[in-house]
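So the protein sequences, as listed, match chains S and D. For the record, in the first sequence the residue sitting at position 202 is 202 according to our numbering, with numbers rising by one throughout. So our numbering is basically just the index in the second sequence, starting at one, shifted up by 1000.
Keep in mind the hints are simulated off the structure, nothing from the lab. Just so it is clear, CB atoms sit at the ideal spot from N, CA and C, and this is done for glycine as well. Check before you lean on any hint, since a few could be wrong.
From chain S, some residues computed to sit far from chain D (all C-beta separations above 12 Å) [to be verified]: (1) 102; (2) 142; (3) 242; (4) 267; (5) 307.
Here are the simulated SDA-like cross-link-like pairs (lysine to any residue), alpha carbons at most 20 Å apart as the crow flies [what the hints assert, rightly or not]: (6) S:120 x D:1348; (7) D:1024 x S:146; (8) D:1381 x D:1413; (9) S:69 x S:150; (10) S:284 x D:1184; (11) S:144 x S:196; (12) S:177 x D:1348; (13) S:177 x S:232; (14) D:1024 x S:213; (15) D:1024 x D:1059; (16) S:263 x D:1038; (17) S:298 x D:1024; (18) S:22 x S:265; (19) D:1180 x S:272; (20) D:1043 x S:192; (21) S:263 x D:1023; (22) D:1180 x S:146; (23) D:1043 x S:265; (24) D:1436 x D:1258; (25) S:177 x D:1181; (26) D:1024 x S:272; (27) D:1451 x D:1317; (28) S:284 x S:19; (29) S:144 x D:1054; (30) D:1382 x D:1436; (31) S:284 x D:1031; (32) S:305 x D:1425; (33) S:298 x S:272.
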Amino acid sequence: MDETPSASGRSNGPALSPETMKRAYRDMLLVRRFEEKAGQLYGMGLIGGFCHLYIGQEAVVVGIGLNMKQGDKSITSYRDHGQMLVAGMTPRGVMAELTGRSGGYSRGKGGSMHMFSREKEFYGGHGIVGAQVALGTGLAFANKYRGTDEVSIVYFGEGASAQGQVYESFNLAALHKLPCIYVIENNRYGMGTSIERASASKDLSRNGEPWGIASRKVDGMDIFAVHEAAQEAVEYCRAGKGPFLLEMETYRYRGHSMSDPAKYRQRSEVEEMRRTRDPIDTLKAEMLRSGIEESVFKDIETDVKAIVADAAEFAQTSPEPDHSELWTDILVEA
Amino acid sequence: MASLILMPALSPTMTEGTLARWVKTAGETVSAGDVIAEIETDKATMEVEAVDEGVIGKTLVAEGTQNIAVNTPIAVLLAEGEDASAADTVTRSADPAAGASVAIETPADPGIVEAPEVAQAENDRDWGETSEITVRQALRDAMAAELRRDEDVFLIGEEVAQYQGAYKVSQGLLDEFGEKRVIDTPITEHGFTGMAVGAALTGLKPIVEFMTMNFSLQAVDHIINSAAKTLYMSGGQMGCPIVFRGPNGAAARVGAQHSQCFASWFAHIPGLKVVAPWSSADAKGLLRAAIRDPNPVIVLENEILYGQKFPCPVDEDFILPIGRAKIEREGTDVTLVAFSIMVGVALEAAALLAEEGISAEVINLRSIRPLDTETIVRSVKKTNRIVSVEEGWPVAGIGAEICTVAVEQAFDWLDAPPARVCGLDLPMPYAANLEKLALPKPEWVVDAVRKQLRD
């Protein structure tokens, strides 16, 4: 779809057109700058409770997003801001939900971990680790029930892969051949517990094998690799062949949440990842190699900064929800 | 323009901290993500990362300074090309926090906000001709009627299709509606309940059958956290039209894990509706209403009642409103409030009391949440006494709620303290004689009423 003769070629994945690379760069940068700003607003006390940042994992959601079409559904856990932006939800609406204001997607009643968009087919934003896997399987069930070729993208961490309902879901999805792409975002740490200490299964991409679920292990820091794997998975699901499992080897630079002192890993490990495998730097280097001008990046940076500044401004000036909101949306009027 | 770096809050509870160490100092260039300092919070030592790129103009707080309030400026960050002197002229207006000074109203005393009145639908319509059918038939007819009426409705659960239902409630449905809409699952409550809730969030209308409600505990996270709360958490965007149904309460000789009432558990949850039919008419009318309801509804059935026959309207459109109780027997001396199989016990008790010249009014709640407090209170104001009858345990049970309603809303009319008749506060024993001792019987109700009249 994006392959053109003039496009950049890499051994790690298929070629992407200059336009697609620019879009990917812009989207990844938007997620990163958005999250940095969210971290800052949290520090200022404007965002409360729990706030889990996506910084470092941008290639996963952006690379998969390149392969989604109108009607495809997605769902994830509480590290959800990146998924929402890629689903097409507005930075203003997401940031205003983080600050608990009426301009937020849930009008201030959901917060960082609980945000949804019916319009953009984004089904949350779930605070219970693993719950989104069974729910996401249900999104795929609905696609099949309605006879569409839409797919459901279900994101979860390697930590959630220890939950029993993940395997109940695998079984159901395989039995019913549901168009469900399970994306394990393996960022190595479930809160403070490393994958080595949490999983006896050493290769999570094989965790769907007993149910015959097709799978790939993917370099989740490389947008080209993510894109290529996602393309294969999406085509497989759209063709009605059943679920697909993608293990994305990725990394989060920040703590589990804002209040994580990160004493379970060496600072040098984080720095090494940032220096050598950063998904945004990697893509930029490839784009420069393919002849894209430095000025393009400056323009994108300026553009993204303005969007994020606008979102932050909106999130601080949007009024708090009216007291009457306390009692709305508990039940749908029958 | 130069900007201030502020002391960040690094946990939901942090109000101040200690600047343990500067990692970057004046004159050093930083990019977004670089660690600039280490801060000791109330919980741990944490690193502070730069949000913007620039050059540290100067630091405003010395290493080791304690009790620095959140949002205090700790350093000045110079933008590209700015001179260090800009650090001295930077004012609070350059502070990103300045834009955050929107008044955050927190009323000192928000007071008690009253829940809006639940709209009450017409309950007492005469549906005309009836025929005697079992509760089992009534439930099946309700599902068949709604499956015919709406393509988005489907039934899912263990043994609901080929086996025709573990208790034969779904008999014939697979033949009529096919395997797309009557779906057998593996023994995987957590998984299939989550899957059904996910499908419901897209607008499909699943009926989830639990072989017994005991197994709903395997799936309770999805019922409470996923189904009941998503509408609220999504600001009204995403409702969950789903029914969770199955036999609830004690059956016969199946022991502790299969004999318990979940009315109190589920009635506790805002965002759920809970109904508990007694008769065939209750079963048919309430289940149809539950399937059409755009919210998650728990239907608490009863295995012993499945085989019992009651008159049920034959009208094809027959349906009952959720949230309305039914007065099964009128009386003047005491109000007996019951639901599900205990309605029968209350009616038997009323017959025994009548022999003693005591006139008992029997209310069949039909709906546990919302609770028809209006009917309860009106009755108590007439009889001046109330006894709740339930099979479930006493502590924090439905009876506790009913008695509270009577005390709160009809205190001046009460001639005796409200009383509760409940299942005994213990796990259900297996032995036939012990099991019998554990469950409420009409005599217990009669005793409770006698005590109220005597005192």
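Worksheet entry | Hints that the structure is at odds with (numbers, increasing) | 1, 2, 4, 6, 7, 10, 11, 12, 14, 17, 18, 19, 27, 29, 30, 32 and 33
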